[in-house]
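Enquirer: Residue numbers (the numbering used here), protein chains in the order written: chain Y, 1 to 100; chain H, 1 to 178.
Source of the hints: derived by calculation from the structure; they are not laboratory data. Predicted model only: the values in this text are computed from it and were never measured. You may find that some hints are simply not true.
What the hints assert, rightly or not - Under the rule of at most 25 Å between Cα atoms (straight-line distance), these lysine to any residue pairs were calculated in the SDA-like manner: (1) Lys25/H x Asp94/Y; (2) Lys25/H x Val21/Y; (3) Lys117/H x Asn53/Y; (4) Lys117/H x Val52/Y; (5) Lys140/H x Ala70/Y; (6) Lys25/Y x Ile106/H; (7) Lys25/Y x Ile37/Y; (8) Lys25/Y x Ile86/Y; (9) Lys25/Y x Val32/H; (10) Lys140/H x Ala95/Y; (11) Lys25/Y x Ala108/H; (12) Lys25/H x Gln85/Y; (13) Lys25/Y x Lys117/H; (14) Lys117/H x Thr11/Y; (15) Lys25/H x Val52/Y; (16) Lys117/H x Ile37/Y.
As the list claims (entries may be wrong) - Sample of chain Y residues at the chain H side, in silico, Cβ under 7 Å: (17) Val15; (18) Lys25; (19) Ile30; (20) Leu34; (21) Leu36; (22) Ser41; (23) Leu43; (24) Ile65; (25) Arg82; (26) Ala95.
Stated by the list, open to error - If you want the footprint, here are the derived chain H segments under chain Y, 3+ residues with CB under 8 Å: (27) 99-107; (28) 132-142; (29) 156-167.
We put the beta carbon where it would ideally sit given N, CA and C, even for glycine.
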Amino acid sequence: MGFYSYLVVSTILFVLGIVAVLARKNIIAILLGLELILNASALNFVTYTRFVNNNIDGHIFALFIIIVAAAEAAVGLAIVLRFFQIRETIHVDDATQLQG
Amino acid sequence: MFDTILFIFAALAAIVGGILTISVKNLMHACVFLLLTLLGVAGLYLTLGADFVGVIQLVVYVGGVVVLMVFAVMLTSGSNAQKVNRFGMVKIPTMGNFRTYTLAGIFAALILMSIIKLYRNVFSMARLEKLPEYYPTVSKIGHSLVSTHVLAFEISSVLLLGALVGAAIISRPKREMR
């Protein structure tokens, strides 16, 4: 399959992630949307490196995106669990104070 | 032909999983559909000839991140689910309301139009003649990670150590007395 079909898939994933981040009220659902966005960007990198210059720099970049996404998920979920211990809520509109 | 069939299956898994991730009401089901999306993206990597990235996607995302998400969902939707706070908001929300979906739809249309405008210039960059054959990428990635990209490799190890320590410190249990 061609270049355009991969770009269409990654664009659809990116827009779905944006919709999840903006529309959901649950913090964990927002983190799920962030994972969708990061996957779309990594897919774009691998697509370009296959169809434009055909070296492995895009693969390296996709690997680092996966690493950063794993670190972000660990720290983000730790913050969510801590917030839930303190306030007993995961509504995003309840996160209004820096000090609990 | 086989590549086309594999691409169609993987793209369908990715897109259907993404749509259900943002639209299903139960968060646990949303995690499972995110799993479907990640499997689809791994299949797309494999059709692009990126075998190492596809396998790492399977190991890290499907084995690690989704399990973390499921743990977080199970730890936060306990016995005190569906209570409201003093402003009348449900404490464990599942979906947004009509206003947030309308706003997200407007922003999605805006971002989609700007991406399409960007892609019109990009489409001329594609190599549309015969594509090169697949080749195994593992040895090349290994050589590249310890020669050209060694600084980013080391920094990513420090980042992972910092994320590990930070997650352990943030989520430690509450201390009663100080």
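Enquirer: All hints are to be evaluated individually against the structure, with a verdict given for each.
Expert: A quick look at each hint next to the structure:
1. Lys25/H x Asp94/Y: holds, 20 Å
2. Lys25/H x Val21/Y: Roughly 15 Å separates the two Cα atoms, so the pair holds.
3. Lys117/H x Asn53/Y: holds, 22 Å
4. Lys117/H x Val52/Y: holds, 19 Å
5. Lys140/H x Ala70/Y: Satisfied, since the Cα-Cα distance of roughly 23 Å is no more than 25 Å.
6. Lys25/Y x Ile106/H: holds, 17 Å
7. Lys25/Y x Ile37/Y: holds, 17 Å
8. Lys25/Y x Ile86/Y: Holds - the C-alpha atoms of Ile86/Y and Lys25/Y are around 18 Å apart, at most 25 Å.
9. Lys25/Y x Val32/H: holds, 19 Å
10. Lys140/H x Ala95/Y: Judged against 25 Å, a Cα distance of about 46 Å means the pair is violated.
11. Lys25/Y x Ala108/H: OK: Lys25/Y and Ala108/H at ~17 Å, within 25 Å.
12. Lys25/H x Gln85/Y: holds, 23 Å
13. Lys25/Y x Lys117/H: violated, 31 Å
14. Lys117/H x Thr11/Y: Roughly 12 Å between the alpha carbons, so the hint for Lys117/H and Thr11/Y holds.
15. Lys25/H x Val52/Y: Cα-Cα ~40 Å, so violated.
16. Lys117/H x Ile37/Y: holds, 19 Å
17. Val15: With a closest approach of 5 Å, the Val15/Y hint holds.
18. Lys25: Because about 4 Å separates Lys25/Y from the closest Cβ in chain H, which is inside the 7 Å limit, the hint holds.
19. Ile30: violated, 10 Å
20. Leu34: violated, 11 Å
21. Leu36: holds, 6 Å
22. Ser41: violated, 11 Å
23. Leu43: At 6 Å from the nearest chain H Cβ, Leu43/Y passes the 7 Å test, so the hint holds.
24. Ile65: violated, 10 Å
25. Arg82: holds, 5 Å
26. Ala95: Violated, because the Cβ-Cβ distance from Ala95/Y to chain H comes to roughly 12 Å (cut-off 7 Å).
27. 99-107: This one holds; 6 residues, not fewer than the three required, reach chain Y with a Cβ under 8 Å.
28. 132-142: Since three or more residues must qualify, the claim that chain Y covers the region 132-142 of chain H holds, with 4 doing so at under 8 Å.
29. 156-167: holds (count 8)
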